[in-house]
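Using the hints, position chain B with the ligand against chain A.
Top to bottom, those sequences are chains A and B. Sequential numbering of the first sequence, starting at 1140, is according to the working numbering. Sequential numbering of the second sequence, starting at 6, is according to the working numbering.
Treat the hints loosely; a few may be bogus.
When the alpha-carbon atoms are kept at most 20 Å apart in a straight line, the in silico EDC-like pairs for lysine to aspartate or glutamate are as follows [what the hints assert, rightly or not]: (1) B:K97 <-> B:D123; (2) A:K1296 <-> B:D123; (3) A:K1454 <-> A:D1442; (4) B:K81 <-> B:D114; (5) B:K87 <-> B:E140; (6) B:K87 <-> A:E1287; (7) A:K1328 <-> A:E1215; (8) B:K81 <-> A:E1287; (9) A:K1348 <-> A:E1320; (10) A:K1348 <-> A:E1325; (11) A:K1296 <-> A:D1212; (12) B:K19 <-> B:E95; (13) A:K1453 <-> A:D1442; (14) B:K81 <-> A:E1215; (15) A:K1328 <-> A:E1216; (16) B:K97 <-> B:D10; (17) B:K81 <-> A:E1264; (18) B:K120 <-> A:E1290; (19) A:K1306 <-> B:D114; (20) B:K159 <-> B:E13; (21) A:K1296 <-> A:D1203; (22) B:K81 <-> B:E92; (23) A:K1296 <-> A:E1264; (24) B:K120 <-> A:E1287.
Simulated from the structure, these hints should not be mistaken for laboratory data.
Residue-level listing of the chains:
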Amino acid sequence: MTDVLARRDRALTPEETEELLRDRLGDGVQRSVLEFGVFTVWIAQEAWVAAARACRDEPLLAYDLFDNAFGVDAREEGFDYVAILYSTSTGNRIVLRTRCEGGREAPVCPSMVEVYRGADWMERETWDMFGIDFPGHPSVSPRILTVENFEGWPLRKDFHLASRAAKPWPGVAEPKEMDDEGNIIEREKRIGDAPGPYELDKVMGEQAKLANPLPEPPAVTEEGEEVTATAQSADLASDSGKVLAGEQERGLEEEQKLRHDADVELAGDEAEREPTTGEQASDEANQGGSAIAAAEAAKKADDRRRTQAEARAKKAAERAAADESGDDPAGPDDPEGDA
Amino acid sequence: MGLMDQVELPQPVKYVFNWGRKYSLWCFNFGLACCAIEFIAASTSRHDFIRHGVIPFAHGPRQADLLVVSGTLTDKMAPAVKRLYEEMAEPKYVISFGSCANCGGPYWDSYSVTKGVDQIIPVDVYVPGCPPRPEALLDGIIALQHRIQNESLKDRIAGRRLDPVTLGADAPLALEGSSS
Ligand code: SF4
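Extracted from the complex, chain A is given alone in its bound form (with noise of 0.2 Å):
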């Protein structure tokens, strides 16, 4: 066993390690990337098993445990092999990747075996979902996932769903074919997309458009807006703990208050929208008279939001000054507080 010489609080930084592993791979790093919190570092295909070592046997890095291996499709430039490792004395964890040699066709990749006992079984899946072969190790075959006659790499992108042959995927290809207005895009295919957009999917952009139409830029004079300005932040407010720990104590009344209050803007809101749909249609129409009743009701119902915005800060207010009075909520001089 190497001496451990790296502690939690001596841990490397993600550019000291990559320091550290061009220090002793030269060319093997390619390069390394720091996304969401997870160091990345893709490592050239002669300098996998190099690197591994490096990783676990290196003082400072310390990966001893082998966390997890999977395999990427790269679509037209092949495949990836992917290790994360993870050290117990620094906690610091690394993703090695590296693009698999043979391209399609023979993916290839050295196996990690020998380092890592524990890439065994990764390498194993991995083969068995992706067909990447892992020269080195002991055994890739029997298949330990699927059926032992299966045929094919079922992860692999452009395989081949044979109930999908028989039956055409029911629903919308991909997720991103839409746009905001549901509208399908239209781009290149690529290795492994699914097929479509069939019919399906223009229907349900149709109804997607329908069910929600582009949302109205509202009309707030400017008066207004500082009301609901306050407002909002007053909501904000409530809903921290210290004003809620409060409120627990305050009892049925207020709650069902706030329930009305609710209740009230939901009205407004739907007295708003259904002018404006009909204001839409309307001038389309060409009817200025439906037109200039429904902007009446929609003014009519911005009014009531407003009046209620001012409720709501009035009542925020008040709260805010209920609290600086009597800091403790649960204590004795409050009437309900024991209730």
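What follows is chain B with the ligand alone, placed relative to chain A:
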């Protein structure tokens, strides 16, 4: 079995015999995925299928009368289900619990999921749902008990089975099985 598969039992004997059988179903739970949780819920105190005479968690398939397949059956697991079913002693019954066990469910296009447990073993009652509520299992058990009550042991031993029941898709329970 001798005469059993050639001679119909006298009606009163048959009635008492079937009545006894239908209220002592030792149940072997083949829990494979999320539906197994609903099965367990059905076996615990709130839904409590012991009051219907179903005794959960038989010691093994050899002691069980009823196999409940609850969950996603994969091709890799299918031989095990087949084998445990073969280990059960006749007369034996199978409830397919949940969409996955019925037809593959949400994994209808998967490369590794068996599209229904009825591809490997005969099923008596299908309980649809993803997952079905525990009440649905109780309903399935009652449907199965109707079948057992009306079953002719002669036919059963001779290997003739009734057509399977699908809950919610077939004739009302009262009519079920009365024709045979
Ligand atoms: S039918 Fe639904 S709930 Fe039941 S096992 Fe399948 S996926 Fe899970």
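Results for each hint:
A hinted pair counts as satisfied when its Cα atoms are at most 20 Å apart, and B:K97 with B:D123 qualifies at roughly 15 Å. Note on A:K1296 and B:D123: the hinted pairing is violated, with a Cα-Cα distance of about 30 Å set against a maximum of 20 Å. Between A:K1454 and A:D1442 the alpha-carbon distance is near 18 Å, which keeps this suggested pair within the 20 Å criterion. The suggested pairing of B:K81 with B:D114 holds, with an alpha-carbon distance near 16 Å, which does not exceed 20 Å.
With a CA separation close to 27 Å, the supplied pair B:K87 and B:E140 exceeds the 20 Å bound. At roughly 17 Å between alpha-carbon atoms, B:K87 and A:E1287 fall within 20 Å of each other, so this suggested pair holds. The hinted pair formed by A:K1328 and A:E1215 meets the criterion: a straight-line CA distance of about 11 Å does not exceed 20 Å. Distance check on the hinted pair: B:K81 and A:E1287 sit about 8 Å apart at the alpha-carbon level, within 20 Å; holds.
A C-alpha spacing of about 6 Å is found between A:K1348 and A:E1320, which places the hinted pair at or below 20 Å, so the restraint holds. The hinted pair formed by A:K1348 and A:E1325 meets the criterion: a straight-line CA distance of about 18 Å does not exceed 20 Å. Between A:K1296 and A:D1212, the direct Cα distance comes to roughly 7 Å. Compliance with the 20 Å bound is thereby established for this hinted pair. Note on B:K19 and B:E95: the hinted pairing holds, with a Cα-Cα distance of about 17 Å set against a maximum of 20 Å.
With a CA separation close to 17 Å, the supplied pair A:K1453 and A:D1442 stays within the 20 Å bound. With a C-alpha separation of about 31 Å, the suggested pair B:K81 and A:E1215 falls outside the 20 Å cut-off, and the hint is violated. Of the pairs offered as hints, the one joining A:K1328 and A:E1216 holds, with about 15 Å between alpha carbons and a cut-off of 20 Å not exceeded. Restraint check: the Cα-Cα separation between B:K97 and B:D10 comes to about 16 Å, which is no more than 20 Å; the hinted pair holds.
For the suggested pair B:K81 and A:E1264, the alpha carbons sit about 14 Å apart, so the restraint of at most 20 Å is met. Taking the CA atoms of B:K120 and A:E1290, the gap is near 18 Å; set against the 20 Å cutoff, the hint holds. About 9 Å separates the Cα atoms of A:K1306 and B:D114, which keeps this hinted pair within 20 Å; it holds. Distance check on the hinted pair: B:K159 and B:E13 sit about 6 Å apart at the alpha-carbon level, within 20 Å; holds.
The straight-line distance between the Cα atoms of A:K1296 and A:D1203 is roughly 33 Å, outside the 20 Å bound, and the hint therefore fails. At most 20 Å may separate the alpha-carbon atoms for a hinted pair to count; B:K81 and B:E92 meet this at roughly 19 Å. The straight-line distance between the Cα atoms of A:K1296 and A:E1264 is roughly 16 Å, inside the 20 Å bound, and the hint therefore holds. Between B:K120 and A:E1287 the alpha-carbon distance is near 18 Å, which keeps this suggested pair within the 20 Å criterion.
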